[in-house]
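Enquirer: Sequence:
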Amino acid sequence: MILGNRRIKQKDIAKEHGISKERVQHIITYILGYKKVSARWVSRMLTDKMKMQRKTTYAELPKFYEEEGEKFIQRNDTGDESWAHHYDPESKRQSMEYRHKSFPSPRKFKVVA
Numbered sequence: 001m002i003l004g005n006r007r008i009k010q011k012d013i014a015k016e017h018g019i020s021k022e023r024v025q026h027i028i029t030y031i032l033g034y035k036k037v038s039a040r041w042v043s044r045m046l047t048d049k050m051k052m053q054r055k056t057t058y059a060e061l062p063k064f065y066e067e068e069g070e071k072f073i074q075r076n077d078t079g080d081e082s083w084a085h086h087y088d089p090e091s092k093r094q095s096m097e098y099r100h101k102s103f104p105s106p107r108k109f110k111v112v113a
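Read in full-length UniProt numbering, the sequence shown has 78 at position 78, and its numbers run on one by one without any break.
The hints are simulated quantities; they were obtained by calculation from the structure and are not laboratory data. Treat the hints loosely; a few may be bogus.
What the hints assert, rightly or not - Dumping the calculated PhoX-like pairs for lysine-lysine here, alpha-carbon to alpha-carbon at most 20 Å:
no.: 1; residue 1: Lys49; residue 2: Lys11
no.: 2; residue 1: Lys21; residue 2: Lys9
no.: 3; residue 1: Lys49; residue 2: Lys35
no.: 4; residue 1: Lys101; residue 2: Lys9
What the hints assert, rightly or not - Here are the simulated distance ranges between beta carbons:
no.: 5; residue 1: Thr57; residue 2: Lys101; range: 39 to 47 Å
no.: 6; residue 1: Leu46; residue 2: Glu66; range: 58 to 66 Å
no.: 7; residue 1: Ile73; residue 2: Leu32; range: 56 to 64 Å
no.: 8; residue 1: Thr29; residue 2: Phe64; range: 53 to 61 Å
Even for Gly, the Cβ is constructed at its ideal location relative to N, Cα and C.
Start from the sequences and build out the full structure, keeping to the hints where you can.
Expert: Here it is, written out as structure tokens:
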């Protein structure tokens with residue numbers, strides 16, 4: 001059941017097999033060697049297209065500075081940064097899944113538009 005759905009809950013397994021949640025936890029953790037882990041946050045995952053776009057943009061910046069000089073800096077220097085992150089309604093508890101000790105933790109990327 002765990003291999004089919006790593007986010008399955010102990011109470012669902014217990015209900016289906018007619019055993020206690022404590023027994024299910026014992027079987028999963030001590031006999032099978034699985035534990036419930038949260039995904040590690042990785043700052044962001046850029047696609048190849050996004051990486052190429054950033055590279056192109058950064059390569060053009062010196063050219064714009066040569067053409068416009070200080071006007072370019074004044075126009076682009078805001079003096080303040082605001083970050084807006086994509087809201088992911090899935091809570092940390094909801095994203096937890098069973099993993100065997102030998103497998104790495106799952107990763108969760110912040111969405112970049």
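Enquirer: Would you mind marking each hint as holding or not holding in the structure?
Expert: Hint check results:
1. Lys49 - Lys11: violated, 43 Å
2. Lys21 - Lys9: holds, 9 Å
3. Lys49 - Lys35: With Cα atoms ~37 Å apart, Lys49 and Lys35 exceed 20 Å; violated.
4. Lys101 - Lys9: holds, 19 Å
5. Thr57 - Lys101: 39 to 47 Å: holds, 43 Å
6. Leu46 - Glu66: 58 to 66 Å: Given range 58 to 66 Å: violated, Cβ gap about 28 Å.
7. Ile73 - Leu32: 56 to 64 Å: Distance hint for Ile73, Leu32 holds at roughly 60 Å.
8. Thr29 - Phe64: 53 to 61 Å: holds, 58 Å
Going through the hint list in order, the structure does not satisfy hints 1, 3, 6.
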